[in-house]
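**Student:** Given chain A's structure and the hints, the job is docking chain B onto it.
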Amino acid sequence: MSGKATREALGETLVELAGEGVDVVAVEADLSKSTTTSKLGDAYPERLFNVGVAEANMIDVAAGLSIAGKVAFTGSFAVFATGRAYDQIRNTVCYSNLNVKLTPTHAGISVGPDGGSHQMIEDLALMRVLPGMRVLVPADYHSAKAAIRIAAATPGPFYVRLGRAGVEQVYPPEHEFVVGKANVLREGADVTLAACGLMVGAALSAAELLAADGVSAEVIDVASIKPIDSETLLASVRKTGAVVTAEEHSIIGGLGSAVAEVVGEGAPCMLRRIGVRDVFGTSGEPVELLAHFGLTARDIADAAKEIAS
Amino acid sequence: MPDVRAVEAVATSMRKDIVEMIGEAGSGHPGGSLSAADIVATLYFGGTLKYDSARPGWPERDRFILSKGHAAPVLYAALAEAGYFGRDHLKTLRKLGSMLQGHPDSKKTPGVEVSTGSLGQGLSVAAGLAVGLRGGEHPEPTHEDRTVFCLLGDGEIQEGQVWEAAMFAAHESLGNLVAIVDHNGLQIDGACTEVMCVGSVAAKFSAFDWHAVEIDGHDVGAIHDALQAAKAHRQGPTVIVAHTIKGKGVSFMEGEAGWHGKAPSAEQVEIALAELTAAEGSAG
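Residue numbers (this note's numbering), protein chains in the order written: chain A, 1 to 309; chain B, 310 to 593.
Bound conformation, chain A alone (with noise of 0.2 Å):
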């Protein structure tokens, strides 16, 4: 997998921030290399603080530093950031509708070799369902750089979904994150392929792939999962009839669901759901992950195939 990892993004911008004057502030829990948050505390030792093991004081740090007026952002690994500090993110900051930004990083099977008890493909589920709360999904690094941005600016709780392994460029570094709206990559009008992060990739390719077969396929990147973009999801599937989603999640509760969700109320059609069909992740390459879970261009393709009209 080569390319810059989307997790890179988040040091790199919040520096970049600081030095525009935003009073941003990291709260990291002993993972400041690993997310890159380390780059904030070298530029500006005053604005990393580095809570040690303890991702539930991290948030809730997180949270009183952003009432006293900060751009709260938040480290740590996707696994334990989300779920072991649920309580926090969900009484705390969603409840208080506080100005913390959770951008974790090692989302998704894409962690590899450290295994299932690092995998976190739960995440976009339990952050949809939190009132007051935007669920961002980068599909590249300088998608990830514009979100942490439109993260920063806009007040109120922020989940943006950062990931480990280096992903394939779709955007261009002039690219504006837009809350609320996914972007239509590619047009077609036989089957919608809705992705979301590192997968869009994977998307493209099966349009590439299934254009072959003689298929036309409306690639969308679906990188603002809640709000989501009802109007442009069912624009897309009025006129093709089918659309497979495929997201680095379980299948239950993220990209998969709330497309389902949007297109049963408003234009019920022909679904498929590319994603982790309800197990744990386990050890492996990035690549062979993506294979043995079925995440793959010719597994979009194959499942768009079966629905195309």
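Rather than coming from a laboratory, the hints here were simulated on the basis of the structure.
All C-beta atoms in this analysis are idealised placements derived from N, C-alpha and C, irrespective of residue type, glycine included.
Accuracy of the hints is not assured; some may be wrong.
Only part of the chain B face toward chain A is listed, based on derived beta-carbon distances under 10 Å [claimed, not checked]:
| id | residue |
| --- | --- |
| 1 | Glu422 |
| 2 | Thr425 |
| 3 | Leu432 |
| 4 | Leu442 |
| 5 | Gly469 |
| 6 | Glu473 |
| 7 | Val507 |
| 8 | Glu563 |
**Tutor:** Chain B alone, transformed into the frame defined by chain A:
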């Protein structure tokens, strides 16, 4: 030194509000609200906490976080007394459409700095606030820095996160952070010593490198002195372990774990109010 008699009178008045509002609501937590009444009254009306109820968002204010959020009635009584909202709101406690939720909600109630109710989180938030409020480029707290006060229950400190926060506060030398433990010795299921013994609270905080003091949590003069000394102590965080009686001021509630989360009947409210009124008379 404040007028101790005047603060005691406010505390008694707040106790009457607590009993009345929980009675009217038909549910709520009288025991831990009454045990904390002298602490909260002294903080708000003894001259320690810097605030302006006409400007709840005044940047220069000190902050108070009620980590033991189930004691919301004692906070609401203080906020009404301080003028954050009209006293008529007190009888709407816990009712549909009320600004006074069962547990503090910062989105709805002026003067509530952060929503609490899920135990063990307030000290972390207070520590984050304290580190965020200390003076700009100067990492060492100064006397000009705003102070953050946080009230915890003794059952609450069984939550492990409290000790994550304690470690962080000492590590950051948060001299503008003051924790107060309402050490009434009782929790929902009974005595703390029987449910899960918290041992020596002051010694535990001392071991986490906090400055720890112990006081009688119903002695307004002692509470005031401890709060002032804690506010002046800028080398690191201070904890005031306040020994209290759960249900203090209402004879049939005192020392009874059963009154942790139970509303008095109309008849019991009348008895309690009569006792508190008599206390006012003897104090006057």
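**Student:** Run every hint past the structure and note whether it holds.
**Tutor:** Structure-based check of each hint:
no.: 1; hint: Glu422; verdict: holds, 6 Å
no.: 2; hint: Thr425; verdict: holds, 8 Å
no.: 3; hint: Leu432; verdict: holds, 8 Å
no.: 4; hint: Leu442; verdict: holds, 5 Å
no.: 5; hint: Gly469; verdict: holds, 8 Å
no.: 6; hint: Glu473; verdict: holds, 4 Å
no.: 7; hint: Val507; verdict: violated, 19 Å
no.: 8; hint: Glu563; verdict: violated, 31 Å
Consistency with the previously given hints fails for numbers 7 and 8, ordered from lowest to highest.
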